[in-house]
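Asker: The listed protein sequences correspond, in order, to chains A and B. No gaps in the numbering here: position 104 of the first sequence is 107 in the working numbering, and each next residue is one more. No gaps in the numbering here: position 234 of the second sequence is 239 in the working numbering, and each next residue is one more.
Keep in mind that the hints were calculated from the coordinates and are not lab data. Check the hints yourself; a few may be wrong.
A few chain B residues that face chain A, going by a derived Cβ cut-off under 10 Å, partial list only [unchecked claim]: (1) Asp121; (2) Glu143; (3) Glu145; (4) Met165; (5) Ala184; (6) Ile204; (7) Arg230; (8) Lys231; (9) Gln235; (10) Pro254.
No experiment lies behind these values; they were computed from the predicted model shown. Yeah, the Cβ is synthetic: ideal placement off N, Cα and C, and Gly gets one too.
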Amino acid sequence: MIRWLVGLLALSLAATQTLAADSTDIGIGYLGRAGVKQTLSLVEQPADNDGIAGARLAIDDNNTTGKFLNQRFKLEERRLKDGEDAAKAATELAERNSFIVADLPADALLKAADALRDRGTLLLNAGAIDERLREADCRANVIHTAPTRAMLADALGQYLVWKQWKRWLLVVGSHDEDKLFADALRRTATRFGAKIVQERTFEDAGGARRTDSGVTLIQRQMPVFTQQAPAYDVLVAADESEVFANYLPYRTWDPRPVAGSAGLVPRSWDAAQDQWGAVQMQNRFIKLNQRRMTALDMQAWTAVRIIGEATSRTNSGDTKKVTDFIRGPDFSVAAFKGTRLTLRDWNLQLRQPILLVDGRMVVSVSPQEGFLHQVSELDTLGYDRPESKCKLK
Amino acid sequence: MSRIWRVGLLSATMLAAAPAHAFIAYVSNEKSNTVSVIDTESWTVVKTIKVGQRPRGIDFTRDGKFVMVAVGDDDTIQVIDAKTQAIVDSLPSGPDPELFAQDAAGKVLYVANENDNTVTVIDLEKRVRLGDIQVGVEPEGMTISPDGKTLINTSETTNMAHFIDTATRQIVANVLVDARPRFAEFKHDSSELWISSEIGGTVSIIDPRKHEVIGKVTFEIPGLRKEAIQPVGIGMTKDDKTAFVALGPANRIAVVDTATRKVTKYLLVGQRVWHLAFTPDEKYLLTTNGVSNDVSVIDVAAQKVIKTIQVGELPWGIAIAP
Chain A
4 MIRWLVGLLA LSLAATQTLA ADSTDIGIGY LGRAGVKQTL SLVEQPADND
54 GIAGARLAID DNNTTGKFLN QRFKLEERRL KDGEDAAKAA TELAERNSFI
104 VADLPADALL KAADALRDRG TLLLNAGAID ERLREADCRA NVIHTAPTRA
154 MLADALGQYL VWKQWKRWLL VVGSHDEDKL FADALRRTAT RFGAKIVQER
204 TFEDAGGARR TDSGVTLIQR QMPVFTQQAP AYDVLVAADE SEVFANYLPY
254 RTWDPRPVAG SAGLVPRSWD AAQDQWGAVQ MQNRFIKLNQ RRMTALDMQA
304 WTAVRIIGEA TSRTNSGDTK KVTDFIRGPD FSVAAFKGTR LTLRDWNLQL
354 RQPILLVDGR MVVSVSPQEG FLHQVSELDT LGYDRPESKC KLK
Chain B
6 MSRIWRVGLL SATMLAAAPA HAFIAYVSNE KSNTVSVIDT ESWTVVKTIK
56 VGQRPRGIDF TRDGKFVMVA VGDDDTIQVI DAKTQAIVDS LPSGPDPELF
106 AQDAAGKVLY VANENDNTVT VIDLEKRVRL GDIQVGVEPE GMTISPDGKT
156 LINTSETTNM AHFIDTATRQ IVANVLVDAR PRFAEFKHDS SELWISSEIG
206 GTVSIIDPRK HEVIGKVTFE IPGLRKEAIQ PVGIGMTKDD KTAFVALGPA
256 NRIAVVDTAT RKVTKYLLVG QRVWHLAFTP DEKYLLTTNG VSNDVSVIDV
306 AAQKVIKTIQ VGELPWGIAI AP
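Using the sequences and the hints, build the whole thing.
Answerer: Below you can see the structure in the form of structure tokens.
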């Protein structure tokens, strides 16, 4: 009997030791959308690894921390081909990864989320800014590191109002996402007391973004398009489709600044952001990826860091434990924005300051001083709890 | 009244009335690329020294003869002769040095290099690099235990205090603290290690023997949003009874009773206060206020701000001659 007990004891000791030596492996999948967005500006053309590059850096950062905790992070990258089913690809990734960072259009994201619902996989939306993913179509297994259109519009609107540029000429593109951004801008104007003096639509008549001698034509078109407007302070453009907005600065009929999709642009991150220790982050990113860091890179970095933060705080790789911690009241993450970032518990949207950038510099950071809130000033950006239609399920 | 008693009384009065010893404080101005030299008798800037790019961490050598200032964007630590106030040498730190700590003898310097997750070890006498220690992401806070055996480094994105054996230069323990740990300070009796977390908004108190967080100091200022409270610099009085914590954009220094770990008072200083230093007689505490470009002087006994001195742009670190 005693010998048996000793044997058992030795066995359990050995087991404990093996456990201690074994590292916890945490698999994170990255699911990217098909195709690369075309931009008007050649310098803004996204790299093939836009987003993924941020996730890779965060994996390195997590692993530096993980070596002190015996945690190892691995990234499995998958990019959809044209017409490929997001749900199927997500399910395949979920076989090996408990967490999936997604850069997908709204519909594809919802399909993936619903396909993974019963598995307990956590999706982190790093790419879609659609309001409905946090409102009527919100999902309990999706957290959002990408800001929403309303957050971006409010961030810009607060600054324009602070600047006393309250009369807006709104120019909207003819695609659906342009209209959604215009909706967000109208809501912002109403909330913060700006006035949209007139709206114009810029029809996408097709055509190439790059042409020889294109400038001559644009220089003729844009002044004409913007003439005879009522008195306004700033032209606000809603052109997510990259059809016309970047043609507007310096070409408007009246000498007015441009904001929105060109000129002064609201973004979660910018390569020029150098405050709050960000230079270290920018340097690390450039060293790893040989290019500068975009907003999508940052949103993916933050998603992977959220997982790293939660696994180190819980000292666990268990999906449920980690997910519960992320969704719990004690969670916060630092992301070089001068304040801790937390999740809105009613729709799992990451609260975050929004940068206003002009392509060279960070002009300002919203929320602006004076926009007050009883819980967090970050909740002056976007839909707040009382307005939310989200019921997490 | 006996004569001896009277003499005693007299000397006691003289002692109390004696003017404060004048000290010299060096303040690094992150944006101006200068170091302001402050005379603590006149409370004025007596000299401004041009240094390299982005000066931050600053300290005297133990013998008081030199001032070392980390100039991050030049990837080095410059050495200023305290007598001539001229730059005389530079030390081989790693890339982007920020804060550093030296051993009690003043022979070995440990430097946190923000850019490559290392702590560099430098021989201060020969001014050569002895080696590197791999730590977490974005090393920042540095301090050495009073017995000299343990070096503490905090890493801002890893959110840990790393305990490093100074003899073997190996990490012996890692303690998780709240987000973005910036500064580490031991009690003089070695019983506690205090770590400020800028984004977490707390100060963690660690038992250095057990390597465990045993308490936390939290801050609440009526009318101020929680996010604005960002603790950075910590100063502990020699009797270990009172700690002063700089709260960044909260524009205040918290006075903490170390026995109860509660804040007893908030002192309003300049904007975005980050670092602080006592005069050697501990009569005054000087704080660097980044956004208002000034230094506040606190009367330690009275716990009152008595003076503000304009310095360069974005004052960051401060060191006072021993």
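Asker: Determine for every hint whether it applies to the structure shown.
Answerer: The hints, checked one at a time:
1. Because the closest C-beta pair between Asp121(B) and chain A is about 9 Å apart, less than 10 Å, the hint holds.
2. For Glu143(B), the interface hint holds, the least distance from its beta-carbon to any beta-carbon of chain A being 5 Å, beneath 10 Å.
3. The interface hint given for Glu145(B) holds, since its Cβ lies 9 Å from the closest Cβ of chain A, which is under the 10 Å cut-off.
4. The interface hint given for Met165(B) holds, since its Cβ lies 6 Å from the closest Cβ of chain A, which is under the 10 Å cut-off.
5. Annotation: interface hint on Ala184(B) holds; nearest CB of chain A at approximately 4 Å, less than 10 Å.
6. Contact between Ile204(B) and chain A, as hinted, is supported at the beta carbon level, the nearest pair being about 4 Å apart and thus within 10 Å.
7. The interface hint given for Arg230(B) holds, since its Cβ lies 6 Å from the closest Cβ of chain A, which is under the 10 Å cut-off.
8. With a cut of 10 Å, the hint placing Lys231(B) at the interface with chain A holds, because the nearest CB-to-CB distance is about 8 Å.
9. A least Cβ separation of about 8 Å between Gln235(B) and chain A falls short of the 10 Å threshold, and the interface hint therefore holds.
10. Interface hint status for Pro254(B): upheld, as the beta-carbon distance to the closest one in chain A is roughly 8 Å, under 10 Å.
Going down the numbered hints, you'll see the structure goes against none, and every one checks out.
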